[in-house]
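Residue numbers (the numbering used here), protein chains in the order written: chain A, 1 to 429; chain B, 1 to 429.
Simulated from the structure, these hints should not be mistaken for lab results. Source: prediction; values computed, not measured. Where hints are given, some of them may not hold.
Incomplete in silico selection of chain A near chain B, CB under 10 Å [as the list claims (entries may be wrong)]: (1) Ile-25; (2) Met-295; (3) Gly-304; (4) Asn-316; (5) Gln-322.
C-beta: ideal position from N, C-alpha, C; glycine also.
The primary structure of each chain is shown beneath.
Number of protein chains: 2
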Amino acid sequence: MGVKLGILGLGTVGTGTVQLLQNVIGRHPLLQEIEIYRVGVRSLDKPRAVELSTEILTANLEAIVNDPAVDIVVEVMGGLEPARSLILQALKNGKHVVTANKAVIARFGAEIFTAANQAGVYVMLEAAVGGGIPVIQPLKQSLSVNQINAVTGIVNGTTNYILTRMQTEGSNFDDVLADAQRLGYAEADPTADVDGLDAADKIAILASLGFGGRIHLEDVYCEGIRQVSKTDIAYAEKLGFVIKLLAIAKRQSNKNSQLSVRVHPTLVSKTHPLASINGVYNAILVEGEPIGQVMFFGPGAGAGATASAVSSDILNLAATLQTSTANPNPLFTCGHDDYCEIAPIAELVTRFYTRFLTKDQPGVIGKLGTCFGNYGVSLESVVQTGFQEKLAEIVVVTHDVREGDFRQALAEIRDLPAIDSIPSLLRVL
Amino acid sequence: MGVKLGILGLGTVGTGTVQLLQNVIGRHPLLQEIEIYRVGVRSLDKPRAVELSTEILTANLEAIVNDPAVDIVVEVMGGLEPARSLILQALKNGKHVVTANKAVIARFGAEIFTAANQAGVYVMLEAAVGGGIPVIQPLKQSLSVNQINAVTGIVNGTTNYILTRMQTEGSNFDDVLADAQRLGYAEADPTADVDGLDAADKIAILASLGFGGRIHLEDVYCEGIRQVSKTDIAYAEKLGFVIKLLAIAKRQSNKNSQLSVRVHPTLVSKTHPLASINGVYNAILVEGEPIGQVMFFGPGAGAGATASAVSSDILNLAATLQTSTANPNPLFTCGHDDYCEIAPIAELVTRFYTRFLTKDQPGVIGKLGTCFGNYGVSLESVVQTGFQEKLAEIVVVTHDVREGDFRQALAEIRDLPAIDSIPSLLRVL
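Chain A on its own, in the form it takes in the complex (with noise of 0.2 Å):
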């Protein structure tokens, strides 16, 4: 037994790691040298689905990663605190860090690997974002050698499962919700997922990854799913696209040290290849140069996914422990201490669809021309879909133009006598 593991949490994540390690066969055979050494538990008494002796489980978990004899400390608690600590402390005492906590990476990365250098050790992540699809080692071991221009991902797997049930079934956000609760792949308390906080998360990490900077995780705009409503999925539709939850990551076009890091729900064309991705799954697309656009697909969440990601980063520190020198692997380590410099969503190049209400006048269309024409904005289509009781409906999508001009011209609108209301308002890939 060569490398003794300190697991932090007996959840989901570290259930499955532990099932995943106590049955090596048909796996790498380096993991036959990984001692699941100790694992710390809130509370001793819960019943386990594993079986592990006594003197390996523990309600210390400052004991673990203060062990001199423990050698990664694989952090699957979640949550801030005491995550970030116990993390901090184990990179003090020199020891490799694999975690799982998105929520912590995007906060307290910048403190994590710095401290994480001054050490010389690695804090791994691949569980942090897709789950089991393995993103974060190409992004930093194989696809760097890429200038990239995009990382668009679907990173959250409930949000995903509501809005393709949503689609499928032609219900609405609230009904597909409480039955996502009920089955499981929403939670109580759905805020971090709906609201878009999580794929926030996640986007920071792989902007960070990608781009070769640090974010702010407040400079990324976050727009969840809630005002996404069926009427919009269908006329989405009718015009050739879906609606999924976008984490996006970009190079702004017209300043090319800027980049745009943003969450919120988009039209994505039927013909795209992350609009048939459904369900609970999760996929990250990147483009660069000079690869040109390659897609990663697979389980967004689950302990047997999750499991994957965070042995496989047990395996390369194992890995690395074998031949580790003291000078750093600069694949491992992170290498930038500058932070990315991101746009405000103002300055983001899109194009939108609009849902307006309008009171059924002559000439509504023209006014709305106009004002769109006053801003700048081009449009693509406008089309009059109906009434919705006395009010007409009416759907427009622009061609690419600047949010902030975007937004300047819906302010007008919105003072129009002829406008009721403008219910949505959406981005378009």
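Start from chain A and add chain B according to the hints.
Below, chain B without anything else, positioned relative to chain A:
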């Protein structure tokens, strides 16, 4: 300049790789440590798309692999010889090797990896399968913590392009092939692509990595797409399938130690992730426990994509050269000496699609059913689809059946007086 490359070949892939390495801005900073030290070509007089000084360009390829200053030999010349001998000589001289040469690895992998292990150096081959798609490294370094059950790929862009066009246009094979040759998507001699030989090389490599054993290339069952007709594509479409040339390596469900490794045109359900991979794109689907299904999608060929894969191998070796000790990294070496046991195709258990032309007699379907029943072949659907001249056309889809039993039934059916011919026989995923 830390790491000196000796590049063998300056065709499409070599040129793409030089272009990438000559323009390192925005790429991984470690690439700045890499020097294009020698580039070996057949003819020094040929005009080149890249600028290289006269001391770099040489026609003496052996001098490159024997030059003590060269750290990494990058073999992007293709073909079996002299590529194989040069690779072996480079390894013998203690140089790491990066190769894009699936044909050499699939045929001489055992010899090459043995030589590498003896010399304590690495052979990297990301570009050998799937063009730019990172799949070799994820299989070795991430997915290897899983028990792999199947690797299924669309790994030949030319045949996927031809089949996609046959499907969208309703054209027949010969016409699309001729057009593909005119457009440069197929070679003047298309044998390696359309007969499945290129895909067979690639699946042999993927199987070896996925299942941790060497593969005798002659054990790989291989069937190309020449016999795929527009008629079958149309019937498949009606039944809810598309036809793809799949390369499959799979654990036999009944005999767990045996693999089936094969290339053949296959009916794929339209809801399957591989069904929507069109044109020259490649995709590789990996199934394992506990991860479930993950899929990698991207450009399967082309200068830029392949250069990305070659350069990622160079990057990984450069990182290794900074940190390496005498101990080999077990994620980079080939750790298996044994060969996988591959089942003969007769032992395959699969579903079949078959099209019969029969004389228009009553009771033909009954006779077919009886014959199949005698050999334990259970039918999912039998449809008389229409007439071709005076012959009735019948399309049969079976449930899972042992291929040997199915073939025996078919041999007996072929002798029935009512049967005119059996123009199509395809497997169903």
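The hints, checked one at a time:
1. Ile-25: holds (7 Å)
2. Met-295: With Cβ-Cβ at 4 Å, under 10 Å, it holds.
3. Gly-304: holds (3 Å)
4. Asn-316: This hint holds: Asn-316 (chain A) lies near chain B, its Cβ roughly 6 Å from the closest one there, short of 10 Å.
5. Gln-322: holds (5 Å)
When each numbered hint is compared with the structure, no violation occurs for any of them.
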